[in-house]
Each structure stands twice: as C-alpha cells, then as structure tokens.
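Let chain A serve as the given structure and place chain B on it in line with the hints.
Chains as they are written, first to last, in the UniProt record's numbering: chain A, 1 to 240; chain B, 1 to 240.
Simulated from the structure, these hints should not be mistaken for laboratory data. Take these hints with a grain of salt, some might be off.
Copies of the same chain look alike in the list, so a pair counts if it fits in one copy or across any two.
[Said to hold, decoys possible] Below 27 Å or equal to it, Euclidean Cα-Cα: the simulated BS3-like pairs (lysine-lysine) are: (1) K4 - K72; (2) K4 - K60; (3) K23 - K4; (4) K4 - K88; (5) K4 - K89.
2 protein chains.
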Amino acid sequence: MASKVRLYVDHPLTKGQTVSLNKEQAHYLFGVMRLTEGTVLSLFNGSDGEWDAEVVSAGKRAGELVCADQTKPLQLPPDIWLVFAPIKKDRTDFIVEKATELGAARIVPMQTEFTNSGRINQERLQAHALEAAEQCGGTYVPEVADLVKFTRLIDDWDHSRQIMFCDESLVGAAEALGDVKGGPWAIFIGPEGGFSDAERARLNGMDCARAVSLGPRILRADTAAVAALTVWQQQLGDWE
Amino acid sequence: MASKVRLYVDHPLTKGQTVSLNKEQAHYLFGVMRLTEGTVLSLFNGSDGEWDAEVVSAGKRAGELVCADQTKPLQLPPDIWLVFAPIKKDRTDFIVEKATELGAARIVPMQTEFTNSGRINQERLQAHALEAAEQCGGTYVPEVADLVKFTRLIDDWDHSRQIMFCDESLVGAAEALGDVKGGPWAIFIGPEGGFSDAERARLNGMDCARAVSLGPRILRADTAAVAALTVWQQQLGDWE
Numbered sequence: 001m002a003s004k005v006r007l008y009v010d011h012p013l014t015k016g017q018t019v020s021l022n023k024e025q026a027h028y029l030f031g032v033m034r035l036t037e038g039t040v041l042s043l044f045n046g047s048d049g050e051w052d053a054e055v056v057s058a059g060k061r062a063g064e065l066v067c068a069d070q071t072k073p074l075q076l077p078p079d080i081w082l083v084f085a086p087i088k089k090d091r092t093d094f095i096v097e098k099a100t101e102l103g104a105a106r107i108v109p110m111q112t113e114f115t116n117s118g119r120i121n122q123e124r125l126q127a128h129a130l131e132a133a134e135q136c137g138g139t140y141v142p143e144v145a146d147l148v149k150f151t152r153l154i155d156d157w158d159h160s161r162q163i164m165f166c167d168e169s170l171v172g173a174a175e176a177l178g179d180v181k182g183g184p185w186a187i188f189i190g191p192e193g194g195f196s197d198a199e200r201a202r203l204n205g206m207d208c209a210r211a212v213s214l215g216p217r218i219l220r221a222d223t224a225a226v227a228a229l230t231v232w233q234q235q236l237g238d239w240e
Numbered sequence: 001m002a003s004k005v006r007l008y009v010d011h012p013l014t015k016g017q018t019v020s021l022n023k024e025q026a027h028y029l030f031g032v033m034r035l036t037e038g039t040v041l042s043l044f045n046g047s048d049g050e051w052d053a054e055v056v057s058a059g060k061r062a063g064e065l066v067c068a069d070q071t072k073p074l075q076l077p078p079d080i081w082l083v084f085a086p087i088k089k090d091r092t093d094f095i096v097e098k099a100t101e102l103g104a105a106r107i108v109p110m111q112t113e114f115t116n117s118g119r120i121n122q123e124r125l126q127a128h129a130l131e132a133a134e135q136c137g138g139t140y141v142p143e144v145a146d147l148v149k150f151t152r153l154i155d156d157w158d159h160s161r162q163i164m165f166c167d168e169s170l171v172g173a174a175e176a177l178g179d180v181k182g183g184p185w186a187i188f189i190g191p192e193g194g195f196s197d198a199e200r201a202r203l204n205g206m207d208c209a210r211a212v213s214l215g216p217r218i219l220r221a222d223t224a225a226v227a228a229l230t231v232w233q234q235q236l237g238d239w240e
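Next up, chain A with everything else stripped away, as it sits in the complex (with noise of 0.2 Å):
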C-alpha cells in the first residue's frame, strides 16, 4: 500500500536499512497521517536522495521503516544563497518556505539599520525549510543559518560570492542581470523600507556585487525575495 507521505529523517538511507522513528515522528505517520504496518512511504535525508520505506512496526511514540529503492537521486541546487532582512513573522516564514521550492541552497537571516526584528526563532525557520521541502517533493533542504549583522557579513564576505544586490532605488531604472557569469552568488533583499545610505554604498562599493531593479514597482520584501530567486535561476541556475 503507498501512501504520498513524504519524511525527511537525519538517518542514512540505503536498500534495506532499518531507520527508527522518533516521538514526534511516529505521532506523525500514525497518529495523523493515520499509516499502517505495510505502508510505503518516501524518505529523504537531504544527501541520499529520496528513497521507499516501508512500515514494519507502528507504535504510538516509536515506529521503524525499512528502506526498499531509490526512487530519485539527490537534486542540489545551484550554489545560491538568499539573504534576507526578516519581516513579520508569517512573512519571514514564507521567505524561507518559497526560496526552499525556488532552489536556494543556503538561506542567511541578516540584520540591517531598518531591519524591525533583532532576533529570529532559528530551529522554527529551519523546521519550516524542512516542512517545505517535505511537501514540493524536493530531496535537499536548504540551512538556514543563524541571523547576522549587515556589517559583520559584509566584513567576512568571500569576493569569490557575487551578490545580486536588489536596490530599491533603482525602481524604473534599468539594470538586469546580463553578461554575468555562473560560480557561486547570494541574492540581498533588503528590509521594508531599503537598505540604508550607509549600506548601499557599501554594496556598491564591492567588486562582487551588482545592484539589479526588479521592475517599475515597489514590491514587498516577500515578493522581491521570490521575483528576485526566479530571476537568477532562470538567467544563471538551473531553469532551462
């Protein structure tokens, strides 16, 4: 019997391994997904793609799988990042949910001048990455690493990472991605209301970085986060 669960486990998963279930696991599957010994569902881990398990044993806290075939190999993204300047909560946790779907492999939480929140919920914005990827049927999930301050990423920038930079500023202007190579890139968004004087000169003063406009309007931080990740995938990732 198969069932369209999807589970991501920290567990290696090969043919025939055995993977134990955890508490909140097992109260997922049979508790709420209501599955049953003989069901088969799919397992990811986030490196060994995505693999049929089947339930060999169901108990209200504790519950084992058995590994059968691979049924999809490992899909990495292309090496983008997203950093973002979170917003209301509901609006940070979507960032996170469609720049899992949209491919990202790194997403950075980073605090600016104009940035509201000084501190985020990291594990909840990582369960949230991981619940995405369970449910677009993706076998990568990306981290999501702790928030850090403009300055002091900026200070430890690798030059060898090119930053599409969006500028609100340059709303109406023209500027796109063009003759810009692959390697490795992290896409900027700043908060509601921009990225300070201060910032953006900082930005513009970097070789590796590039400020792009994202169209004639304003768009929510949210928006530009998703407008900004479709943009690059389809120009320098792997939308083709």
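Structure of chain B alone, referenced to chain A:
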C-alpha cells in the same frame, strides 16, 4: 504636515477637487491613522494617477479632502492577466496581493477539475487587490473577476490573447517563452494537483497557448503564480 498614508477613492481626482469620505474611510484616516485637519495624504482612483490631498474636515463618520497637486501619473501595467485556480484562503489572498504588486492587469479566479473551492468571495479579493495597490505605491488596481469555470473560459476565449500555461508535467523538461511576441497575454496557473488530462489537452490544442516549465522543482500554486508573473514581466512586460 505630510503623512505616508495612501488611500484609494472611487472619485474623480483633479486639482482643487473636493473628495467626500464615507464612514469606513473616515474611520481609517482619523480613527486608525490619527490624521487631523491640515494633514496631507496621497489619493489614487485607478485612473487619474496619484494626488496630494489635504484633510479639510475630519469627523468620526465623515470627512473632506481637497486635491492639491498630482504626484504621479497613472501607471498602467502591461496587458497581462493572471488566471488561477483558487486554493486555501490565505494563499489565494497572497496570490491576489502579489499579482497586484507584480503588475497584473486583471485577475481571474478559475474553477478547474481539481479545484477544491467551488466559490470565492470576489468582493473580499477585490478589496485585497486595492489594499495591495495602496501599500505598494501603485496607481492602478487590477479587476478581480468572478469565479469562472475552465471550460466556459476556454469556450469564450479571444484567441488574440496568448496563454502562457504553467504545466507541472513539464517539470524538468525545458521550454522557455522563447521568441514569442508581445500583445495581450494571460498566465494560467493550475490548482494543487495540476490541470486534468482533459484540460491539458484542451490547452495544448489551442494555437494561442504555450506550455512553459518553471524549473526542475515542483512549485506550489502560489509560488508558481509569482514566478510566472516575474518571468513574463521580465521577458515581455515592463521590466527593462
């Protein structure tokens, strides 16, 4: 005294024009936003651009504004419709908000074979589009149409409007918009679960329809809507 408040009004706007406020508008401006007589705010009506207007009378249930100068001309979006199958309430609201920000000219909720909800609250969605325009600095509000059945929509389709149809079954296969022409367009986004085989066959049989892929990952319907609008605006719209 200037405020950052933007308000949509269903009223002609010209220099010196008096605009009377209804109860909801008066409550919003004077009760919620605490504007007082003498404050200047921005008005738009979807056809006359954006105007500075001064509060000349502020009451609990009514009020009057007088238009001063035009601050933005009307900025019409390109002739692109977003036709989508409504999903859960939150995500449907989100699609309408994002479509407004990204410059859709018209938003058409469509009932497909696999669409769960058989009805929408058209007025609520229209109000949502209006609020999105207020917040993103737009001067145009897209019309949100009433829910229409897929078969009816296609039976009555004006074939001079091309269709960019996002086909989940193309995930991984490469087809971009390519060398297509401008003119009126519509983006079709299916429900979770995609279009049915019959619907897909119907669309594929239309000369004016073109199936496109949105990359190698499966996107949720709301993500697909934003990504598709971004792709279209960048290739055929007003992002230059």
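Okay, the hints, checked on the actual structure:
no. : hint     : verdict
1   : K4 - K72 : within (14 Å within a copy, 51 Å between copies)
2   : K4 - K60 : within (21 Å within a copy, 55 Å between copies)
3   : K23 - K4 : within (21 Å within a copy, 51 Å between copies)
4   : K4 - K88 : between (32 Å within a copy, 20 Å between copies)
5   : K4 - K89 : between (29 Å within a copy, 23 Å between copies)
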